[in-house]
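Visitor: Line by line, the protein sequences are chains A and B.
According to our numbering, the first sequence is numbered sequentially starting from 73.
According to our numbering, the second sequence is numbered sequentially starting from 302.
Derived by calculation from the structure, the hints in this document are not laboratory data.
Some clues are possibly wrong.
[As the list claims (entries may be wrong)] Cross-link-like lysine to aspartate or glutamate pairs, in silico, EDC-like; alpha carbons within 16 Å at most:
id, chain 1, residue 1, chain 2, residue 2
1, A, Lys-474, B, Glu-395
2, A, Lys-474, B, Glu-377
3, B, Lys-442, B, Glu-456
4, A, Lys-338, A, Asp-126
5, A, Lys-236, A, Glu-183
6, A, Lys-236, A, Glu-491
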Amino acid sequence: MMAELAHHNWLTQHWLEIAAREFCGEADFRRAQLALFLKRGFPTRHEESWKYTDMSALTQASFMPREAPAHTLCAAIQALLTSHVLPAIRLVFIDGVFYADFSDTTQLPLEVTYCALTELPATQLTRVSQQVFQQHDATRYPFALLNAALFSNGFFLHIPAHCKLSVPLHVQFFTTQAQPVFCALRNSIHMDAHAAADILIEHISIGHTVQNTTNDFTSIILADHAQLNHIRLQALAPTASQIANVFVEQGEHSQFNSQFFACGGKLAREDVVINQAARDAVCQLSGLSLTMHDGQHFDHHVTVEHAAAHGTSSMRYKTILDNKSSAVFNGRVHVHPRAQKINASQASHNILLSPSADIYTKPELEIYADDVKCNHGATVGQLDNDALFYLQARGIPADQAKMLLLTAFVEEIFASVREATLAEYVRVAMGYTHAS
Amino acid sequence: MLQIQNLHANIQDENGVAREILRGIDLNVNAGEIHAIMGPNGSGKSTLAHLLAGQANYEITAGEVLFEGQNLLALEPEMRAAAGVFLAFQYPVEIPGVNNTHFLRTALNSIRKHRYEPPLDAMDFLTLVKTKMQAAGMDEKFLQRAVNEGFSGGEKKRNEVLQMLLLQPKLAILDETDSGLDVDALQAVASGVNSLRDPSRAVVMITHYQRLLDYIKPDIVHILMQGKIVKTGGPELAHEVEKRGYGWLNGATA
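Just chain A, same shape as in the assembly:
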């Protein structure tokens, strides 16, 4: 294996660092995942699911060791945390390092485990790392394999049966490094039967020249009747990058509501896979992506595996693109032969504000059951010029008129966030304050 590793300078270096730490005796697991990754290799554009997203820069990158964030940056983060305080139970990481001082878990019920991996007892940690999703073809998600080999931290959440959290959870991953740094984070959410929670997972940069590349992996296991409202917010600096995987396992009658918001980063790839292997599971997925900068590229792949009967899934994704930016939306619904009586819908709506922006949207339905309800639709358009003129003719300046129309376009995605304080928080972060 070391011979194959030798082709990848930064990977070798990271592997040696991780191996030297002997992260809680998980070396065998990590080694096995790394071997799988090396066998498979970095994805190339010859692969269908990577056709529009070029990862070659990553193979040639030279990453540096992380530096402790400067005091001024810490002060900026502290100021941000005090001015934008969300009434939530909060974990704060800076460049992958857990900061207990910035975190606030005072409202956490005793029976709930919610902490950084580095704070987790070794016995529990085994559960995290061993969580391999056998039913998924691992080679499809190379960065999940890489993550398993290289993760250095992340958060862990376990909510016992019948525990319903009334205060939302907020995990903030700050990135601050002015030089290229690679960091793998592995997060794990377990919700036992009838548990319920709201969680906001935020990736945010402090500074405009942040060079972090974050490889993020989150596994979510919802037991029967568990309900999770899961919000992801990506507001990285335009120079930072992120490759994320979210794997969800749904139990009977469980409900997974997930909203994805992205407005930053140079390259951001997200693969979400929801597996409904038990009947009567419901997932409602929506997302809003804003790409504004030349060269900015977002790629969002969502797959729902309907492997059991009576499941429901809906996807509603919107993108607004400006300048020479590009985005990919690939929504796949896979209905297995035994998954009768499922209801799946999928929508992708996109607005191009500039003639040089590109959107690739592709709905995929693969249906092997005969008694199902599935629909999908995709639109790509520009702002409605007639509406724009109408607003301007009433005295509303062009910029404000555009914002009114864009707000109207995006509003339903914000409205799908069920917890009001979280909805308001993401609105502000995305630059859309509530229309009165």
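Based on these hints, arrange chain B on the given structure of chain A.
Guide: Just chain B now, kept in the frame of chain A:
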């Protein structure tokens, strides 16, 4: 107030071929006057109205338009509105997702800003808009709806009148505001326009039919054909057109 001199304008069709729609319009509208512009389909009436409001689809090849001495054609649509030009649309645009109240208040406050007046807060605005809605004969439930979305033809026109009453323009241009209206709606529109009538304002009505002119009495009537004003007269001209059609005006000069 409004002076249009030798205005020529083209529109490009889908093949990129320019077609001349306005072929030398001359028109003077003074404060206090109500003008009617009549003409057959395709004569350029709506083009003229949209062009005055700032619609960018047209290419102006010659002529000028002065509004209170200012070059109107150099202004963005919102600046024309701020200067006091208002177009009541023939086909008001439906804007899903934009709340009607929010739209009306944003519009009014944008214009107040240009007049160096402080913005109205939500409560003051609501009080004002409710009195104006009564005048336009509009149910208050339309405040909660999205702009024009799912409104009937008559409701859309009443919403136009409501906007006009709120914004209090100096020059109101009504583009076939009477089309598709029942008598009740027509009366509501007419009383809205008539309430604006004062020596400092002017109205230009674009219409096919004499009917609207029974409710809003024009001072001057123009006939627009093939991109030119071919005849100008008093209210009696409208009656003549109603009786005889436009055919007899072919080749006539103003």
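Visitor: Hint by hint, say whether it matches the structure.
Guide: We went through each hint and held it up to the structure:
1. With a C-alpha separation of about 15 Å, the suggested pairing of A/Lys-474 with B/Glu-395 holds against the 16 Å cut-off.
2. Proximity of A/Lys-474 to B/Glu-377 is assessed by CA-CA distance (about 15 Å); at most 16 Å being required, the pair is judged to hold.
3. The suggested pairing of B/Lys-442 with B/Glu-456 holds, with an alpha-carbon distance near 11 Å, which does not exceed 16 Å.
4. For the hint linking A/Lys-338 to A/Asp-126, the alpha-carbon distance of about 12 Å falls within 16 Å, and the restraint holds.
5. Only pairs whose Cα atoms come within 16 Å are accepted, and A/Lys-236 paired with A/Glu-183 is accepted, the gap being roughly 11 Å.
6. Pair hint A/Lys-236 plus A/Glu-491 holds up; C-alpha atoms about 14 Å apart against a cutoff of 16 Å.
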